[in-house]
Amino acid sequence: MTIATGHVADEFEPVRQLFEDFLVAEPEYSAQLAVLRNGETAVELAGGPTLAADSLTGVYSVSKGVSALVIAYLIERGMLALDRRVAHYWPEFGTAGKENVTVGDLLSHRAGLAALNPGTFAFDEFLEHSEQGAARLATQPPLWLPGSAFGYHALTIGILMEELVRRVTGRTLQDVYDTEIRGPRDAEFYLGFPENLDDRYVPLSPPVLTEQQQREAAARPPMDALAQTVFTNVDAPDDLSDHGISTNNPRVRRVGPAAIGGVGSARGLARLYADALPSAGRPIASEAVFRDMAIQRSWGHDRVLDVTNSFGAVFLLPQPRMPYAGLGAFGHDGAAGALAFADPSTGISFGYIPWPRQHPGGADHRSVALARLARECALADEASA
Amino acid sequence: MTIATGHVADEFEPVRQLFEDFLVAEPEYSAQLAVLRNGETAVELAGGPTLAADSLTGVYSVSKGVSALVIAYLIERGMLALDRRVAHYWPEFGTAGKENVTVGDLLSHRAGLAALNPGTFAFDEFLEHSEQGAARLATQPPLWLPGSAFGYHALTIGILMEELVRRVTGRTLQDVYDTEIRGPRDAEFYLGFPENLDDRYVPLSPPVLTEQQQREAAARPPMDALAQTVFTNVDAPDDLSDHGISTNNPRVRRVGPAAIGGVGSARGLARLYADALPSAGRPIASEAVFRDMAIQRSWGHDRVLDVTNSFGAVFLLPQPRMPYAGLGAFGHDGAAGALAFADPSTGISFGYIPWPRQHPGGADHRSVALARLARECALADEASA
Amino acid sequence: MTIATGHVADEFEPVRQLFEDFLVAEPEYSAQLAVLRNGETAVELAGGPTLAADSLTGVYSVSKGVSALVIAYLIERGMLALDRRVAHYWPEFGTAGKENVTVGDLLSHRAGLAALNPGTFAFDEFLEHSEQGAARLATQPPLWLPGSAFGYHALTIGILMEELVRRVTGRTLQDVYDTEIRGPRDAEFYLGFPENLDDRYVPLSPPVLTEQQQREAAARPPMDALAQTVFTNVDAPDDLSDHGISTNNPRVRRVGPAAIGGVGSARGLARLYADALPSAGRPIASEAVFRDMAIQRSWGHDRVLDVTNSFGAVFLLPQPRMPYAGLGAFGHDGAAGALAFADPSTGISFGYIPWPRQHPGGADHRSVALARLARECALADEASA
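Residue numbers (numbering that gives the first Met the number 0), protein chains in the order written: chain A, 0 to 384; chain B, 0 to 384; chain C, 0 to 384.
Just so you know, the hints here were simulated from the structure itself, not pulled from any lab data. Because the structure is a prediction, the values reported are computed rather than measured. Among the hints, erroneous ones may be present.
What the hints assert, rightly or not - Label pairs and their calculated CB-CB ranges:
no., chain 1, residue 1, chain 2, residue 2, range
1, C, V23, A, M222, 46 to 56 Å
2, A, M222, B, G118, 36 to 46 Å
3, C, V306, A, A51, 38 to 48 Å
4, A, D123, B, P48, 31 to 41 Å
5, A, Q211, B, G182, 52 to 62 Å
6, B, G118, C, D380, 11 to 21 Å
7, A, P249, C, V306, 42 to 52 Å
8, A, E27, B, P48, 27 to 37 Å
9, A, E27, B, M222, 41 to 51 Å
10, A, Q211, C, P193, 24 to 34 Å
11, A, M222, B, H6, 47 to 57 Å
12, C, A382, B, M222, 11 to 21 Å
13, C, A216, A, V207, 44 to 54 Å
As the list claims (entries may be wrong) - Pulled from the structure, derived: some chain A residues nowhere near chain B, Cβ distances all over 10 Å:
no., residue
14, A8
15, E25
16, E39
17, G96
18, N116
19, L144
20, D223
21, F230
22, A287
23, H300
24, R302
25, S344
Glycine is no exception: its CB is placed at the ideal position from the N, C-alpha and C atoms.
Sequences are here, hints too, so could you generate the full structure?
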């Protein structure tokens, strides 16, 4: 019986097996999985009732890693530098205690701009007019003394990346992405989802919690004000959940905000990250640029998420809490359970999108298990070669 | 049946209900609760067998937040600045690796002066002659490399604040407090408790642990030497417990050491913090000064308390472990379970004092629950207005 | 019935009792314990079936503390300084983002050189030719942005110490140790174990886990790539366990690598640390030098070990997770359960070596309990004097 459809290279058969085990164990579960090795397809699978091979869906914060490819592209071309002060590119930013914040600080969640405070962003300040959202953030004092903490800028990091790109190119991040990165590769991943593909869009589910997870959530202390402010910082139509700012809202997916607005497929993600590897056929940036973006800049107790965390410039790095790949790998997870990354130590690029949403807040246990097994297969094949 | 006596504005009725639930659940429990909203009394309650409306009692480290009001007062007047080096005001301090420690570092528990070591403070070096205690601390190398950690300066932060105030005013912190802050507001909270009020003083109880808490305490590993040194650093008459340095000792409450020596009522505390809000009738300092003192300067694993913690300048901030108020709020808890703070995001100022002592080491679950509920009431009322 | 043999001063009788309790409770358990007080033997015991009074065995990372004595010796003589940049002594090091790393940073696990990456050390680059291992590390970018984290440099800290010593003395760390530190004291602890003592060498056991520990290990998430890289960074003959680089391998113990290659006895360790105390008969370095090396330079979440940790320069400090001694004490634990330290607050120097290996990764609960009890005995005796 074929449970998952698609292609798997012989040396990655164990990955298919694990993927199918997951499908069998939970009938509602559906997923896409793509693993490329040095740009060649090693695994491309879809299974379960909801996501087919050609489905496209939202991936929340996995979008941040894709937006980071635009940052890498601009660093490669000398238009941005991580060790420069943000105010060099964006003079209005250099105020209220943020004068010496560098681009590297900003992109590794260190600048204390995780939320507008007081106040909230109007919906269009997060979407079509993020330059106005950025202008409001620029004048604000940081939420913590720069240097004293880092904390996940869940929504604002997108506004901040968008403004940096605007300042140094005069174009939107989404436009640079589409023209310079997605287009030439014909990658199935969009920041700004075209209307003519809407019939392939599969809506995100509401979060599904197991009974165990529900009990844990009920026992958890109430959310800290800072975290709550971060996650409810946009005046969206439905501001009690994140659906107002999810890509289920057509207005959101049409704009494709850099923080959470990406729509695509697992193979689209794996294809993009393949060109972030040293083996890239059409490199987005040089190995040195990605190495610099993948160096850990933030480590410790995340002030917003209240967990131990590890970030490079934008990228969420493999770490004890989420050991998804080898040393030097870089990528991002997303609230619905998706994960995408590149791992120079194996040449693997990886995309995974599950349905329904399992673990609000990041990659689920399946994504990490699949990613680790893919790594083992690659290493075993290398050792036997 | 009236269980708690006092006044509650209609929109805060749920707070009275919760307060009464606590009283009903535990017959020995007694407490004062005061909530002002933009300086107007919203809640003023007392209940239970021990604390009446006009009781005055000790609040341990809640005193630190009150002492911080003196610091704010002096910053407002240009006499102190957080970003200046301590040695600028106190030349003898600038030695043994502490040359570049700023006032902001010192007041956010970063300077590594959490205890005298080796040695201990004579009782009078903590009380009437804290200038001598300060002189001993000034020459000492820090307990950790400045910049590498922060840790609660449970007792010494008082000595250090007192010396800073002495250096820039020539007066004691207690005198500045009494003359400039308490007096003009006739606030029922004292640093230096007058003998003629002793008949209103209700003694602190020894810590009371539930069976569950006793089991937890027994299972806990022994206290680290640094923490033990911090908490037994004063040669008090009864140095095996904290009663020798508690305000039950008349000599302690007469002096009112800035770290732990305050005595007063919940309404006194709420009244003081009301004048730390933007809506203050008689502001202790400007909104900008309090915003700067309330910015997070320390975050992470507290080297002394061995918990995750968050501090501004002196103030203990709302945080995941103790989410007592909104973003931008500032206050302090105390070992006996008391809590007091100001929250600019709602205009609330808050004072709460329980008896007996429930959770050695900080605000109890009731204080946080009451504070959060008061916030919800204020926000609901605002939304319906 | 005499269970443990050896000498115990009257005031330390409780320590003998606890030691014997441990022996009775677990028949396979064997250990050496030595406590000196201001250089005089207070406890010297051996018990159990494997380790006798004159046994010599490997102690893994306890070796780091002994190697640190060589560093102290050189600091005392002005040949090294913690606040100097590493590149001052070792120009090739000052590259790829490590230009401003100080000796103090490097020795407190902050420099991000916890592993070679990509690649691994050839066995001889870790042993006879660590200058070649050092040369490879010198050119490497750090694994994290210097200043953003610290993490246990389990193996590389030895290579790095060895290179520093080579640069400033022209000799090997092991030679300086043997000539200047071990020899004059005739201490039973070797970095470079002589062949003629091999008949006294007791092999390290494989790790022994209780059922409870096995369950815990099975439930633990897989090891993070960074940690895994750190612990498998040497191409040893048996690279699936640490036995290839343990002192059971004669080649390893003959060289005695500074990180993990020491062999000796508990009394040898206690004897060495006695000369690191202010009461030293033949001080290795002055009190000021050891105070500076014992100041905490790293605190928080260790990026490699994934636990809270506290380091001075090389030395692992007493801390909440391992409260082995008083404030100002310094020493090191080892993977097989051994522990050695000096505690200026009591004048105690301490050596303890258990068999079989109980807790991979550090001092076992017995070591901390014995060390704390020895401290209590010393303090009680002082109080009664």
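Hint by hint, here is what the structure shows:
1. C:V23 with A:M222: 46 to 56 Å: holds, 51 Å
2. A:M222 with B:G118: 36 to 46 Å: holds, 44 Å
3. C:V306 with A:A51: 38 to 48 Å: With a Cβ separation near 44 Å, V306 (chain C) and A51 (chain A) satisfy 38 to 48 Å, so the hint holds.
4. A:D123 with B:P48: 31 to 41 Å: violated, 58 Å
5. A:Q211 with B:G182: 52 to 62 Å: holds, 57 Å
6. B:G118 with C:D380: 11 to 21 Å: holds, 20 Å
7. A:P249 with C:V306: 42 to 52 Å: For P249 (chain A) and V306 (chain C) the Cβ distance comes to about 47 Å; the hint holds.
8. A:E27 with B:P48: 27 to 37 Å: Given a distance of about 56 Å, which is not inside 27 to 37 Å, the answer is violated.
9. A:E27 with B:M222: 41 to 51 Å: holds, 50 Å
10. A:Q211 with C:P193: 24 to 34 Å: violated, 58 Å
11. A:M222 with B:H6: 47 to 57 Å: For M222 (chain A) and H6 (chain B) the Cβ distance comes to about 31 Å; the hint is violated.
12. C:A382 with B:M222: 11 to 21 Å: For A382 (chain C) and M222 (chain B) the Cβ distance comes to about 19 Å; the hint holds.
13. C:A216 with A:V207: 44 to 54 Å: violated, 31 Å
14. A8: Given a closest Cβ separation of 45 Å, the condition holds.
15. E25: The assertion about E25 (chain A) holds, with a minimum of 31 Å to chain B.
16. E39: holds, 44 Å
17. G96: violated, 8 Å
18. N116: violated, 5 Å
19. L144: violated, 5 Å
20. D223: violated, 4 Å
21. F230: Nearest chain B Cβ is 12 Å from F230 (chain A), so the label holds.
22. A287: holds, 30 Å
23. H300: Its Cβ does come within 10 Å of chain B, the nearest being 5 Å, so this is violated.
24. R302: violated, 6 Å
25. S344: holds, 30 Å
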